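Undergrad: Chain by chain, the residues run as shown.
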Amino acid sequence: MLPLVETKGLKKHFRVPDGWLHAVDGIDISIGEGMTLGIVGESGCGKSTLGRLLLQLLEPTDGVIRFQQKDVSSPNKAQLKELRKDMQMIFQDPYSSLNPRMTVAEIISEPMRRYHLYKGAALRDRVTTLMNTVGLEQRLENSYPHELDGGRRQRIGIARALALEPKFIVCDEPVSALDVSIQAQILNLMMDLQEEYGLTYMFITHDLSVVKHISDDIAVMYLGQLVEQSPADRLFEEPRHPYSKALLSAIPRPKIRVERQRIILKEEISSPINPTPGCRFAPRCIYAVDECRTSNQELVEVDSGHFVACHRVNEI
Amino acid sequence: MDEKILEIENLAVEYRTDDGVVKAVNGLDLTLEKGGTLGLVGETGAGKTTTALSIMRLLPDPQGVITSGSIKFAGQDILSLSKGELRKMRGQHISMVFQDPMTSLNPILTVGDQIAEAIRLHEKISRAEAAVRAQSMLERVGIPPNRYSEYPHQFSGGMKQRVVIAIALACNPQLLIADEPTTALDVTIQAQVLALMNKLKNDFETSMIIITHDLGVVAEMCDRVAILYCGEIVEYGSLEDIFDHPEHPYTKGLFSSIPDLDTRASRLTPIPGLAPDPSRLPKGCKFANRCSMKRPECVKTDPPVVNLDDLHRVKCLLAQGKDAEQHATLG
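Order-wise, the sequence lines are chains W and H.
Just so you know, we're using my numbering here: the first sequence kicks off at 1 and counts up by one.
Just so you know, we're using my numbering here: the second sequence kicks off at 1 and counts up by one.
Isolated chain W, as found in the complex:
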């Protein structure tokens, strides 16, 4: 299957008072059409920056982004406008990502008005259809976001993202702000929509049980780099990178009488500002040897579709 979205050596460095912050530092990913790639990592690892780079909301420092096999790394204005139709985003915070002065119908119809896609009655019909698709009651079309709860607001965000019939949607922590019972409703909706419209998702989250549920593949990010990428089930059965192992062992599970070995990490985190060569995880890693502190290991395929960036992957 040809990848819909692909990056090669993608980098984004930000100028900060102390030097350069390497938010995204050489990322290669590829997402097949109709698939979901989950990106997991802790705060500050660069996962949201990666999502914004793919959507051209940030300009990459270096590297290539390909969409449908075409290089789209530095599009001009007209190309960008065409591209944006195919790529949409669902944001984490359903409170701040909706314009408080627009009604539900206005918010959902805005992308279509921007692209002059529908007019008058056709536009109204289209909004009604979209509201039905995401499970919003018709009577809410003239409501304002502040009148609605978090789950409904997130449904508005999803309807808006679907309005232009995109091929690719970046979902940045779409359910993190929601209660568990509502979270499950939204996850089911997103999976139904994927099936129905053949959508491709990049699903950014710190919640590991959510990411396992929705993803085909999962990439684990640590300080701007990928440390492991694998089919979702495989990663949870047998994480190979020491960071993935620690991360998965740290999840509090809603089960009792299950004895688990928990790996507690040291707290010293190396800084993403002017990083030194060597593995970024080495200062916290119990397996680190001198080699780890001086040279950085690229991702290596250890098993079919399972990539790990660790010098000692075969020893541990």
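Warning: the hint list may mix true and false statements.
[What the hints assert, rightly or not] Listed next, the in silico DSBU-like pairs over lysine-lysine satisfying Cα-Cα at most 35 angstroms (straight line):
#: 1; chain 1: H; residue 1: Lys201; chain 2: W; residue 2: Lys255
#: 2; chain 1: W; residue 1: Lys245; chain 2: H; residue 2: Lys252
#: 3; chain 1: H; residue 1: Lys199; chain 2: W; residue 2: Lys266
#: 4; chain 1: W; residue 1: Lys255; chain 2: H; residue 2: Lys83
#: 5; chain 1: W; residue 1: Lys255; chain 2: H; residue 2: Lys72
#: 6; chain 1: W; residue 1: Lys167; chain 2: W; residue 2: Lys85
#: 7; chain 1: H; residue 1: Lys199; chain 2: W; residue 2: Lys255
#: 8; chain 1: H; residue 1: Lys294; chain 2: H; residue 2: Lys124
#: 9; chain 1: H; residue 1: Lys4; chain 2: H; residue 2: Lys283
These are calculated hints, taken from the structure and not from any lab test.
Values in this document were obtained by computation on a predicted structure and should not be read as measured data.
Take the given structure of chain W and dock chain H to it, following the hints.
TA: This is chain H only, laid out in the frame that chain W set:
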């Protein structure tokens, strides 16, 4: 574990706002034994934090009003204490850890001084002695004492939460209330903080109430669990009761809403619909509009609390008769 450190009876709290009266807690009964750890579980608006603030008597004044019920801490009626007595109680006998460590520390005081301040408020000791005590508290929560003179912004999120815990435990309180203590933290840091809290609980023999929406945290920390919905306890029991034999449809729904890491289900089973507006609560069972097991009588009458055994109790019409059944099988 017979001695009761906290007894709440029939507590009702409402917020009187311009838009109407919000009934946040409606007839809540709860006891906590000495040395026990109780998990208060529920979703946004279930009344978890309101319950905690009622115990601390920190409800927003004048909107938050305790309309009925009693709260007894170590046999003493908290609701009749004067302001001065409350100030003595808070921090010394009951402490609270809030969700966001970023906003619960004072940015312009060093972390060491903030711990020492809590000690000096409650004990007559010199500054120097308080500083020594504060250093040893830092050490106990795993922070090198030489970082005493640093400011909160120099600490990571996990370390800030450790400082907050150090402040809360500085006077060795009998009861610690932790309101979503790890929600704002990354999962690896959360694991550290939970391990620390478990260790300190044993060292200091503190009773704890942990407020959370995460059943994983409950499984790890608690021995008693109360499931809250719309300001009522819909189910209460031991950790085993709740995790092995959940009875209330809401408790069951919560479990089936969480993606399971060990098996692969293609779809989750969410609880349909939304919690009712707390300013317009229905007359019958408050969960009825979302309940898959609903019967006609559920919307008409407020379900009674059914005791399934000494501990395990459920507020559901469907559980009626189960108590008798169980006694029959036992007999």
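Undergrad: Compare the structure with each hint and give your call.
TA: Here is how each hint holds up against the structure:
1. As the CA atoms of Lys201(H) and Lys255(W) are separated by approximately 21 angstroms, the hinted pair is consistent with the 35 angstroms bound.
2. The suggested pairing of Lys245(W) with Lys252(H) holds, with an alpha-carbon distance near 30 angstroms, which does not exceed 35 angstroms.
3. Between Lys199(H) and Lys266(W), the direct Cα distance comes to roughly 17 angstroms. Compliance with the 35 angstroms bound is thereby established for this hinted pair.
4. Restraint check for Lys255(W) and Lys83(H): the C-alpha separation of about 43 angstroms exceeds 35 angstroms, so the hint is violated.
5. Pair hint Lys255(W) plus Lys72(H) holds up; C-alpha atoms about 32 angstroms apart against a cutoff of 35 angstroms.
6. Restraint check: the Cα-Cα separation between Lys167(W) and Lys85(W) comes to about 8 angstroms, which is no more than 35 angstroms; the hinted pair holds.
7. Simply put, Lys199(H) and Lys255(W) have alpha-carbon atoms about 20 angstroms apart, close enough for the 35 angstroms limit, and the pair holds.
8. For the proposed pair Lys294(H) and Lys124(H), the alpha carbon gap of about 59 angstroms is over 35 angstroms, so the pair is violated.
9. For the suggested pair Lys4(H) and Lys283(H), the alpha carbons sit about 33 angstroms apart, so the restraint of at most 35 angstroms is met.
The structure shown violates the earlier hints numbered 4 and 8.
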